[in-house]
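Number of protein chains: 2
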Amino acid sequence: MDFAARLAAAAEATNRVMDQALQPSPAVPDRLLNATRYATLAGGKRFRPFLVIESAALFDAPADAAAAVAAAFECLHSYSLVHDDLPAMDDDDLRRGQPTVHKAYDEATAILVGDGLQALAFELITGDPVPSDVAGPLAHLLARASGNAGMVGGQYRDLNAIGLDAEGIRLMQAMKTGRLIAGACEAGAVLGRADAGARAALVRYGDLLGEAFQLADDLLDVEGTAEETGKRVGKDAGADKATLVGLIGPAAARARLAEIVAAAADTLAPFGDRASVLREASRFVADRRS
Amino acid sequence: MDFAARLAAAAEATNRVMDQALQPSPAVPDRLLNATRYATLAGGKRFRPFLVIESAALFDAPADAAAAVAAAFECLHSYSLVHDDLPAMDDDDLRRGQPTVHKAYDEATAILVGDGLQALAFELITGDPVPSDVAGPLAHLLARASGNAGMVGGQYRDLNAIGLDAEGIRLMQAMKTGRLIAGACEAGAVLGRADAGARAALVRYGDLLGEAFQLADDLLDVEGTAEETGKRVGKDAGADKATLVGLIGPAAARARLAEIVAAAADTLAPFGDRASVLREASRFVADRRS
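Residue numbers (this note's numbering), protein chains in the order written: chain A, 40 to 329; chain B, 40 to 329.
I should point out that these hints are in silico values taken from the structure, not numbers from a laboratory. The reader is advised that the hints may include incorrect statements.
As the list makes no split between identical chains, a pair holds if one copy fits it or if it spans any two.
Claimed, not checked - Mimicking SDA-like on lysine to any residue, the simulated pairs with C-alpha atoms at most 20 Å apart in a straight line are: (1) 84 with 183; (2) 142 with 128; (3) 142 with 65; (4) 142 with 199; (5) 84 with 311; (6) 142 with 126; (7) 84 with 305; (8) 142 with 50.
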C-alpha cells in the first residue's frame, strides 16, 4: 500500500473510533454533541493519527488499541484548533473551509467543545482496548506534550510572537506543533512496547517532522491560497507576526525541508523497509500544498 | 484530629504538589506560569483533594500518591472555574474575593491557563508517585467525570438552564458538580485498591455530597453575602436562572440537606470509625456559609 492509501486507512480507523465515542447519550446535550462532531468529524487529514498507527505498526501493536490512541491525539489536536480560533486568540472565521465552531455555534459552546475534547482524548487513551499497563504512560505522554511546556505554552508564545528571533520562533513552533507530532510517534512506540533506542529514534523522527510541518505551514501562509488551504492565508504577515520563513526566506526554508527529509530517512534506517511509509510521510509533509 | 485540621492538612499536602508542579522552567512562559499559579494557589478550600485523601486513607493508600491524585482533581476543578468565569460563559469578575483570571490577566491567557491546568491534572494523576497500574484507571475516571457526560456537559446545561424543571436542574447539577466530587471519592478507593462494594459505597457517598454541595451553594446565592462567599451573590435570580432552591424553597432545601447528612452516615457505616471525618464532611457541606 502506498502512502496516500495508508493515510486514508488511518483516517478511517480514527474516524470510526471518534464517531463511536460521539454518539448520542442521555447525559450529553444534543447541541454540544453536534458541535463536537462538527469540530472533529468534518474533515482533516488525520496526520497525527497516521503517525500513531504507523509507529505502532512497526512493533506489531494491536490495531484496535492503536486506533484508540490515534483518536485521542486527534481529539487533542481538534480541541487546540477550536480554542486557537476563538476571538480572544487567533480570531479565525474559517477552518478546513468551514465556519469555525464559535461562528457556526457560539463562543461558550466552542470553549466547552474544546474542553470536552481534551477530556475525551484522555478518556480514549486510557480506555478499552488500550492495555491497562500502558494506558497511564500514554496519558502522561499526551499530557506533557499538550500542557504548559508543550502545545499550550507554544500557543501562548505564538500569541506573543511579535519580535521573536529565529531561536524564539523555533522554540515556539516546537512547543506548539512539534511536541504533539513527536508525541504521536512516541505513543506508537510505547503502545508497541518498543525498546529505549527505537523509542528515541521515533521521537527524533517526530521532532524533525514537526519542524517540517511548521516550515511547510509557514510557506503555505506566504505562498498558498485560501482555496488550497481551507483557511485564511497571509495572516501572519498581516498580523506582523514573526515566522521562520519571514526571517530566513522561502529559499532557505525549502533547503531546510530537504535536509529534514534526508535526516528523517537516516533516523528511520534501523527499521528498514517496514518504515518506508513513514519515510514517505516526511516527503509528504515537506511538499504539502494544503 | 478533627475535621477542620484534616481539611487543612489535605490542603497543605495538595498545595505542596501544585506548587512543585508549577515551578519556573525554561519552556514555560513566565506570565503563563504566574497566571496559572494565580488561578490555583491563591486560595480555595481544597475540598475535592480532601475527599481523595480521606477516601484513600480508609484503605491505607500511600499518602504521597494520594496527594498527587488530590492535586489532579484540584487542577481540574480550578480549570473549570477559570473557564466558567470567562465573558462568554458566566462573565464573572470576582472569584475567591479576587479578580478572575481574565480580569487580572486577559481572556486568551485565561483560556490557556484552563487548558494547561486540564493537561496538568492528567499529568499529575498518571505521574510519579502514582502506581503505574492504577494511573490509567484513575485518568479514565477523571476524564469521564469531567467530559461531555460530566462537568463540561453540566456547564453547558447550566448556561442554558432557564426554564428547567426540578429533574432537569438535578441532572445539570449532578453533572456539573456532582460527578467530580463523586469521582474524587471514587479515586481514593481506586488508589486504595478497594473492593467493588467499598468503591460503590464511596461513589454513593460522593453523589450525596455533590447534591448537598450544590443545595448549599444555591442557598448561599439566595441568602449569603459577597463578603462571606468571595463571589457575586444573587446572580442566579438576577439571571432568571432556575435553581432547585428557587423551585422548592429554602425550607425544603434545608430539610433535604438534613436527609443527605443522615444518608451519608448510613453509606459510610461499613467503614466504622475510620470514616468519622468523612461523616463530618457532609455536615460541613450542609452547613457551609462560604
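To see whether the hints hold, each was checked on the structure:
1. 84 with 183: Neither. Shortest intra-copy (24 Å) and inter-copy (27 Å) distances fail the 20 Å Cα cut-off.
2. 142 with 128: both (14 Å within a copy, 16 Å between copies)
3. 142 with 65: neither (26 Å within a copy, 36 Å between copies)
4. 142 with 199: For residue 142 and residue 199, only the inter-copy Cα distance (18 Å) is at most 20 Å; the intra-copy one is 24 Å.
5. 84 with 311: Result: close neither inside a copy nor across copies, 26 Å intra and 56 Å inter.
6. 142 with 126: both (10 Å within a copy, 16 Å between copies)
7. 84 with 305: Classified as neither: same-chain Cα gap 25 Å, cross-chain 54 Å, threshold 20 Å.
8. 142 with 50: Close neither inside one copy (26 Å) nor across copies (41 Å); limit 20 Å.
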